[in-house]
Each structure stands twice: as structure tokens, then as C-alpha cells.
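Given these sequences and hints, build the entire structure.
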Amino acid sequence: MVKTFLRRLLQIIPTLLVVVSITFVITRMIPGNPAVTLLGPQASVEDIAKLEEELGLNDSLWKQYTDYVGKLLKGDFGKSYSFNQPVAKLLMDRLPNTLLISLTSIVLAILIGIPIGIISAVKQYTPFDYISMVLALIGVSMPIFWLGLMLVLVFSVNLGWLPSLGMGSLENGLKDVILHMVLPVTCLTTIPTATFARITRSSMLEVINAEYIKSIRAGGLKEGVIIYKHALKNALPPIVTVLGIQLASSFTGAILTETIFSWPGMGTLIVGAIENRDYMLIQGAVVLTAAAFVFINLIVDIVYMIINPKVNLDNAKGGE
Amino acid sequence: MKKILAFLLVAMFVLVSVTGCGGNNTTPQANDESNTSGTNKEVTKKEIEVPSEPQDGGVLTIALVSSPKNLDPVKYTGTYESQIIQNVGDTLVAYSMDLSEIIPNLAKSWTVSEDGKHYTFQLRDDVYFHPGKFQDGRQMTAEDVKYSLERSHELSAMNRLDMIESVEVVNDFEVIVHLPEPNAAFLTALTNSGNIIVPKEEVEGWGDDFGNHLIGTGPFMLKEFKLDEEAVLVRNDNYWAQRPHLDGVVFKVITDINQNANALRTGEIDFSSGLSGEAVKIIREDENIRLLEMPGLHVAYIYFNQVKGPTADIRVREALIKAIDTKELVKGVYQYGEAQPASLPLPPGSWGYDASLESIVPEYNPEEAKKLLAEAGYPDGFKTTLYISNTPHRVKMATIVQQYLKMNLNVDVDIQTSEWGTFSEIGSSGNADIFAMSWTWYPDPFFFLNKIFASDAIGSLGNGQGFSNPEVDRLLAEALVVSEQEERAELYKQALKIIVEQHPGIFYSNENVTWGVAPEVQGLVQRADGCIFLTNTEVNVWKVQK
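Heads up: the sequence lines are chains B and A, in that order. Just so you know, this note's numbering puts 141 at position 141 of the first sequence, and the rest follows in order with no gaps. With positions in the second sequence counted from 1, the corresponding number in this note's numbering is that position plus 1000.
One or more hints might be untrue.
What the hints assert, rightly or not - Facing chain B, from chain A, some residues (calculated, C-beta under 7 Å):
no.	residue
1	1158
2	1228
3	1250
4	1254
5	1255
6	1256
7	1262
8	1263
9	1416
10	1417
11	1419
12	1421
13	1424
14	1425
15	1429
No wet-lab data here; the hints were simulated from the structure. Note that the Cβ used here is the ideal one computed from N, Cα and C, for glycine as well.
In C-alpha cells form, the structure reads like this:
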């Protein structure tokens, strides 16, 4: 398994190189010129020409590409045009803020969503099942933007219980930060909770009705043991897959939620970078996200192997 | 199965009614007469007890709707940076708060040579920098003025001082600025926050990082600058003009407009400078928040391609103008009365404005429009593309224009909406059939007319549609050489007349500067250019202490 892990780890490098190249090409293909966007409408033709030269936009694309990849291999993500700061620093400043709310909401989603899914499956066609699945349906289809504004109206404007924006500061105590987290985390938790509940329910139902569970049940084991020890374990793979995707996308931040709550995270940074045609920053953010995706995929595969030893990752590539 | 369905329906019904109620309670009058402009509900604002004497203390929290990125005066490019910079640093001269004249600031007086090429400034001798890492709050002298202005001349990202040649130090408190040729916009350029006076030690000490540690001579000192979050300013007790009443100022970034309104209502901010659309209505109807509005130095316009396509023909341009009822257009776009209808490419707040020219602008007349278009060879209309950036006001405007042109002229308008980066590239390329945007700057007509209608601005977004008229170019150039404002105004009026007669576009509105302010905030003065000054020679904002 260690060998497989190491080999998969090495495969990340060519994958990332492809991602870098594609991102490089795409950022240059979208219309818009960083110098024009950066300087705004009042800039004269000379201002723009001067800045283009400064930013190295007049070099050939090939030179810009090789320069970028060369630096990237040395761990240098380049400098953001609009912030005039190293991309790596900008990303690392934001990543913890984003992970703080996104990981919290994933943990909450697991803690709430999976039990609901299990109970719904076990008590299929009971009122609990109906209500929770309708709620889940609403949760999945709720526009986050609307939900965020409604939460603010109710809990901040009308009731005055919770702050409506910003991160708070540790200087004012942990409580301040936690209070600031409540609304954005609620917003972010809605969809994953609903997704987990639905996936768990359908996956559990499949397993519960399988022949081998019936035979275990015939063997006289307690229902609780059957559900948690035998059924849940076999129902896990699809849940792990969804969890993997959720985890990986938590790195990019939640653009809408961060915007509504003025949360200084990755989402707002990336949107700003795209609006400003800040090539270096877009590339840096995409590389980071891609790395997170590839790495978490790898972890998910390993987890698969642990929960189901029959899964052999090497077989997928023709076997050895 | 039936049972399930019935249950689902009941559950949905209950949920919808519950959330529906919540919505009604929380959004005030969401469905009232919002479509009939001008009939906004009048709300009597709650009065608070205001002491007769200004009180010291308190921190003012201001929301900015876009994120300031770099506070280095030569590097910044957006208006949001300047809101912070101008409260940390001072310029040599400044616009008075009513924008009617240029008044002394760090320079207590100045004289201009006969030929208009040499400006001699007498500096104040009681101005000190904020203490920083590389100096301990020393006195500002002529050397600093020379350093700062020449730095701006050489390095400014926006060429904010491209008209000067050199700065000569006469003695500690006197400098002469030499211009290669007379330029009447020079003093206005000096008022730009890109030209504040900064100490050399700090600039060179911090290098690229000076933007995060800006040092100036202004009423507030930059304590902390957290990107995309906030800029924290504290009072400068040694401020030369007067001691600020406020202990400090926090500029917070809140990009969502509705959240600006919410944060005002929760009291998390005292002041929002970027209200528009629905948020204006919410604040107008909230009895606890004051809404300050004044006509801005702003023009929103539709600009026709002067060189290519059907609109290169002046008859087509005139027909398009006559086919759109601008007054109705403005009513439709600005449902909450956030703008005044306009007709000229200069805002009425500019001293070059000439109300007598309003009558030259063709009035709404679909019949004549149709005739003109037929004369120009398009009796059955044509297809064209209107480029806009994706802001709500612009999208609404484009939709209404599309309907007018289809209805009156059978012109098919394809609306191309894109975000700013894409829009600005198409706009400046000269390839857009028609585009729409807005322009806002100083009251000096130079900053409108020269940037939008001078031949040498072709290729920039301002004159992206290739307007070129030798007589206009001559008048605009001459207006820059003459130094008397009245004489200049006369030249600009002549240029404006020719411009309007060419029917370059539809200049449909002047948007208001719209601020939402907590009632505790006192002494705030709104400027038509939207600039926020908290303490200077004329104002000193304070907060009623609870």
C-alpha cells in the first residue's frame, strides 16, 4: 500500500503541470487586459502601455510561460498584479480563514446529515423520513444568497443576536470569532447536510435490502449492530466519495457566502483576481485548488482500500 | 403513493407559508409601488439628542463597497484607495468642500508666473509627519514636496502629474514647480490624493511595502491595513489644521450592497458610501438611518461608434437619440430616484456646464427618427450590438433602450453584457457598435471633455468610439493653456456645443452621491465627487457619545 501511495503521489506532478498549462492558456484567452482593468476607465493610452511593459505582458507568450513554470518549480508563485504582493503570501493569508468555516461546516454536515440519512433509511416511509427528505430537498435547492440575506435580516437586523459581517478578531476573545462564524457556517452547512442525508439514505436503503443483511438478521443479531456494524460500513463508499469532493472544494472557498458576510477568504480573492485579470493570482489559486483536489482524491482512494480491502487501486490500471 | 404525495404537498405548503411570513416581516414593503418612480414612501426619521457642542471621541466605521488594494499614492488605481489616502495625507492645495474653488492646504499661498509655466508655493511651517519606523514625526519641508511631486511625476501608475518638468527648492518653505508648457489643469491635478506629500525615509525604508505603512501629514494615522478586510486609522493629535474630534476611523470592506444597508441597520457600521438600487430604498424607509443624497459629478451615457457601422452616419445617430425618451428611460432605470435625467456630456456641477445647450439635444420624436433613418438608407432598421458591463443599472437601461429602438425604428439591438475586464477591452478597441458606461471626475471640464472627445484619447476607454473633430481638439487644447477660469469655461462651452451637434451619444443621467449615515454622525459634508473628508480645514466630523 505504501508503494501505491508513493506512486500515486508522484503522479500528482504531471497532473499539476497539465493544470498549470491549461490555466495559463485559458487566462490568456479570456478577453480583457490586466493593465486596462487595473488602471480603470480614466487611464490614458500611455498609462496602459507603461503598465503592460512593467508587468511583462509584452513578452512572448512562450517566454511568459517558461518564466512562470520555471519559477513555479522553485516554489515561487509570482507576484499579483493588483495587490503588488507575492501570490503565495496572499493565498496563505486567506486559506486558514476559508478552511475555518468550510471545515467546520463539513464536520457539522457529517454530524447532522449522516445520522438523519441512516434514520430515514431505517424508518423508511415514516413521517420522520418524509419530513427530513423534504427538508433535504429544500436544503439542496435553496439559493445560498437568499438564505444568507434572510439569516442576516432575522438574526442580525431584527433580533440583533449575531454580527452580520466580518471575521471578528481573536483579540476580542474566542467568543467574538465564534459568534461571527455562526451565520456563514449555517449558510455553508445547509447544502452539504442535505446532500449527506440524501446520499446516506439511498446508499443505506440499498444495503439494508441486500440478501446478506437479511441473512445476518436471520442469524438473530441485534438490529442496532446490524445497522451500524454491517450495513453502514458497506454503505460508506458513496458517502466517502461525496465527502472527498466537499473537502476538496472547501479549499476554493464559498464565493457567495464569503461575499455576503465579507469573510476574507479564498472565494473573494479568486473572484477579485478574475475580475482584475490578475493572471498570476488566478494561476496560483487554481494550482493550489488542483493540488488539494488531487491529494484528497488520493486520500479518498486509500480510505476506500481500508473500508473495503477488495478495492485494489492497481487493478484499475490493468493490474500487476 | 397518494399518501406520500399528499404529505409532501402539505409539508411544502407549511414550509412555504412559514418562510413567506418571515420574508414579509423582514423586508419592509417588498411589493409596494416601487415601479412608480418618485413616489417613494416618506418616512419621518427619528431624531436623536444632539449636544450643541461637538464631542470628542468615538470611532467612525465606514463601509467601502470595493476593496482598496495598495495605499501607496503613486501605485493606487481605484477610488476606494483614495478615500483612505486623503484622510492620512495632505495635498499642497485642495478643492473646497463645495468644489467651487481651489483653496490652500499644505501650501498657504501660491503665485503663477506671467507665462503660466512656473508656480511658486509658500508652504506652512507647522506641518509634521506621522511618526513611523524610519523617522520620528519630523517637520515637513520643501524637500519633501520636491521629493513627493517628482516621485509622482516619474512613477504614478495613472500619470497623475505628467504635466510638470521639475520642482525647485527655494528655501525650507518655498518651492517652484516648473511646467514645460502652461497647463490649467495642474492645480486640479495637485488635489489628487496620488499627489499627497510623503517623507522620503519612509518610502525608501519600506520600499514595495510602503502601501501597507502609508505615512503622511493628515488628520489620521494608518495603524493597520488588512487587505480585503479593513484599514484602521487613529487620530493624529498634531494635525496642523485642527485636532480631529474622532479617536479613529475604520474603513471596512463590504462588497455586497444589501449587506451595506444591513450593517447600517445593525449598527456595525456608521456610514456607507456606496448605496444603490434597493439598498437606497431600504435606508430611505428606515427611520433610524439618515440618507444623504446630492447630485454627483457623474454622467451615464450611451456612446455610438463614430467611425464604423451605421452610427458613423450622423443622421443615424440623431435618429437613435430621437427614438428614445430619456426621461422615461431614467425613471425606469433608477426606480428609487438615485439619479437626475441629463442631456449633456458634462455634469451640471462642472463650471463648464452650459444649460443653454440642452435645447440642441434632439427631443424624443419617433416620427422624425424614422424619417431620418430612412434618409440614411435604413428604412427597415438594422442590427447592432450594445456592450455594457454587468451592473443592474446598466442591464435595465439596455433592456429599455432595446425596446425603444425596436418599437420606433425596427433596429435590433443585441445586448452584450460582460464583466468590467471584458467590457473595457471591447470599449477601448473601437470595435463596439454602441457601448454604455459612466464617467465621474473633477469639476474641471478637462477631466470630462478632453478624456472623452479629444483625438489624442482615442484608444483609451474614454474616447473608445473614436470621436475626432479638429475644431474641438483646438478648443480643448487652448482651454488648457489659458489660465483664467472664465476664459476657459467659455472655450469649453464652445467645444461642448460642437460636440453636442455631432450627436455622439445619449447622455442620459447624473447619478447621485448616496450615503447612508447613522444619526450619531455629525458634521459630515457630502461632496459632489463622492470624496470623504473627515477632518480638514473646513470640516471636523464627530460622533454623539452614548
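List of violated hint numbers, smallest to largest: 3, 9, 10, 15
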